[in-house]
Amino acid sequence: MTAERPDQLPPPSSDALAASGALLERIHSAIDNAGGWIPFSDYMALALYSPGLGYYSGGARKFGPGGDFITAPELTPLFGQALATQIADILRQTASQVLEVGAGTGLLAADLLAALAELGQLPDRYRILEVSGELRARQQETLQQKVPKLAERVEWIDTLPDNFDGVVIANEVLDVMPVELAVWRDGGIFQRGVAWQDGLRWADRPATGELARAAAALPAPMPTAGEYVSEVCLASRAWVAEWARRLTRGVMLLVDYGYPQREYYLASRSTGTLICYYRHRAHPDPFLWPGLTDITSFVDFTATADAAYDAGLDVLGYIDQGAFLLNCGLLDRVAARGPTENADYIRAARAAQRLIAPHEMGELFKVLAIGRGIAGPLRGFMRGDRLHAL
Numbered sequence: 089m090t091a092e093r094p095d096q097l098p099p100p101s102s103d104a105l106a107a108s109g110a111l112l113e114r115i116h117s118a119i120d121n122a123g124g125w126i127p128f129s130d131y132m133a134l135a136l137y138s139p140g141l142g143y144y145s146g147g148a149r150k151f152g153p154g155g156d157f158i159t160a161p162e163l164t165p166l167f168g169q170a171l172a173t174q175i176a177d178i179l180r181q182t183a184s185q186v187l188e189v190g191a192g193t194g195l196l197a198a199d200l201l202a203a204l205a206e207l208g209q210l211p212d213r214y215r216i217l218e219v220s221g222e223l224r225a226r227q228q229e230t231l232q233q234k235v236p237k238l239a240e241r242v243e244w245i246d247t248l249p250d251n252f253d254g255v256v257i258a259n260e261v262l263d264v265m266p267v268e269l270a271v272w273r274d275g276g277i278f279q280r281g282v283a284w285q286d287g288l289r290w291a292d293r294p295a296t297g298e299l300a301r302a303a304a305a306l307p308a309p310m311p312t313a314g315e316y317v318s319e320v321c322l323a324s325r326a327w328v329a330e331w332a333r334r335l336t337r338g339v340m341l342l343v344d345y346g347y348p349q350r351e352y353y354l355a356s357r358s359t360g361t362l363i364c365y366y367r368h369r370a371h372p373d374p375f376l377w378p379g380l381t382d383i384t385s386f387v388d389f390t391a392t393a394d395a396a397y398d399a400g401l402d403v404l405g406y407i408d409q410g411a412f413l414l415n416c417g418l419l420d421r422v423a424a425r426g427p428t429e430n431a432d433y434i435r436a437a438r439a440a441q442r443l444i445a446p447h448e449m450g451e452l453f454k455v456l457a458i459g460r461g462i463a464g465p466l467r468g469f470m471r472g473d474r475l476h477a478l
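Here this note's numbering is used: position 95 in the sequence shown is 183, and no number is missing along the way.
If you're looking for bench data, these hints aren't it; they were derived computationally from the structure. The structure displayed is predicted, hence computed values, not measured ones. Hints are not guaranteed to be accurate.
[As the list claims (entries may be wrong)] Pairwise CB distance ranges, derived in the manner of DEER restraints:
no., residue 1, residue 2, range
1, Glu451, Glu315, 21 to 31 Å
2, Arg337, Gly472, 19 to 29 Å
3, Glu448, Glu351, 14 to 24 Å
4, Leu105, Glu240, 47 to 57 Å
5, Pro427, Ala329, 49 to 59 Å
6, Ala305, Arg471, 29 to 39 Å
7, Gly208, Asp402, 22 to 32 Å
8, Pro236, Arg289, 45 to 55 Å
9, Thr247, Glu448, 46 to 56 Å
10, Pro99, Gly123, 46 to 56 Å
11, Ala326, Asn251, 14 to 24 Å
12, Trp244, Ser356, 23 to 33 Å
13, Tyr433, Asp373, 36 to 46 Å
Even for Gly, the Cβ is constructed at its ideal location relative to N, Cα and C.
My request is simple: use the sequences and hints to build the entire structure.
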């Protein structure tokens, strides 16, 4: 998706601008209270998750044609149906429960429950960890509409469980975890943060502590002139380590767009991967309309896998989304739609193409499996596993 200039974007409504203005004042206060500067990760957390006003905690529509982006479950139920085949295999080795982190509109939960019931592997419990009250309401509505007889198996939780045995699903979750911005230039490694001077502005400080250590270990090129900017997601590493303390047995399936480190920190990618979305349009300015704009960055899958390994989890597979879905029988699901000339088959085939084609979601999105106490190999990684690339 080509990034657009802010002046090319459709203007928000007056109510939306007022909500964004209220969040901007909250951010301004946070900067003042911190002594005039906050790390970018703090700004991103406020912009996305500030109670009542953040992008994911406010009331604006995010997913689907009327929102800012479309995820795989919004595109077609084929994604959930194929994924369910892998989940069913894992549930046969674990307790009968699934936990979905950040369930969007609830469509993936509905598709998974329906497909798992068809496979005879319906979980006793399906938990959803969701920070947004507005999205919880949409999820409940979706489940009542799509799978009313199965909706009673779903429960919503506010925090990670003390212990868990089963399958964890996180589809497009890692990319919206707050990131640090590291800047490599003559003189060392710096941390890019946010200050206030007649509005939001960038301000750099020498990197210290965990960020300095993590950035120094990355294969980022030190430029001979200018600067090299990229993201370091300390939050995702801590999140994986926290799960490692709680996962007694099972598998976490992490689906997102990103790269291994040797592809992430290229000299040609000198401005990083941070990107913003507003009404299906990409733009580069995270300070534009806070609370109305999604802020995201690509996932460093090497760092995520390393965090899992360091915390005592097994790294079970890493693969392109297209290959994963094919291994899980996506084409069989398409074929089941009937004769190839049927409109339903044609729609399904087109949607499947978007999920698996290299120039669509097939190569950009990856699936990382980490876990404990599971006998492999996993079905979704049987052909095309790219663990060697990490």
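Status of the hints after comparison with the structure:
For Glu451 and Glu315, the Cβ-Cβ distance of about 29 Å falls inside the hinted range of 21 to 31 Å, so the restraint holds. Under the hint 19 to 29 Å, the C-beta atoms of Arg337 and Gly472, about 26 Å apart, fit the expected range. Checked against the given bound of 14 to 24 Å, the beta carbons of Glu448 and Glu351, roughly 18 Å apart, stay inside it. For Leu105 paired with Glu240, a C-beta distance near 41 Å fails the hint of 47 to 57 Å.
About 51 Å separates the C-beta atoms of Pro427 and Ala329, a value consistent with the hinted range of 49 to 59 Å. For the pair Ala305 and Arg471, the supplied restraint of 29 to 39 Å holds, since their beta-carbon distance comes to about 32 Å. In this structure, Gly208 and Asp402 meet the distance hint of 22 to 32 Å, their C-beta atoms being roughly 27 Å apart. Separated by about 51 Å at the C-beta atoms, Pro236 and Arg289 satisfy the suggested range of 45 to 55 Å.
For Thr247 and Glu448, the hinted distance range of 46 to 56 Å is not satisfied, since their beta carbons lie about 35 Å from each other. Checking the proposed 46 to 56 Å range against Pro99 and Gly123 shows it is violated: the Cβ atoms sit about 34 Å from each other. Taking 14 to 24 Å as the suggested C-beta distance range, the pair Ala326 and Asn251 conforms, at roughly 18 Å. For Trp244 paired with Ser356, a C-beta distance near 43 Å fails the hint of 23 to 33 Å.
At roughly 42 Å, the beta-carbon separation of Tyr433 and Asp373 lies within the given 36 to 46 Å, and the hint holds.
The structure fails to meet hints 4, 9, 10, 12 from the earlier list, while all remaining hints are met.
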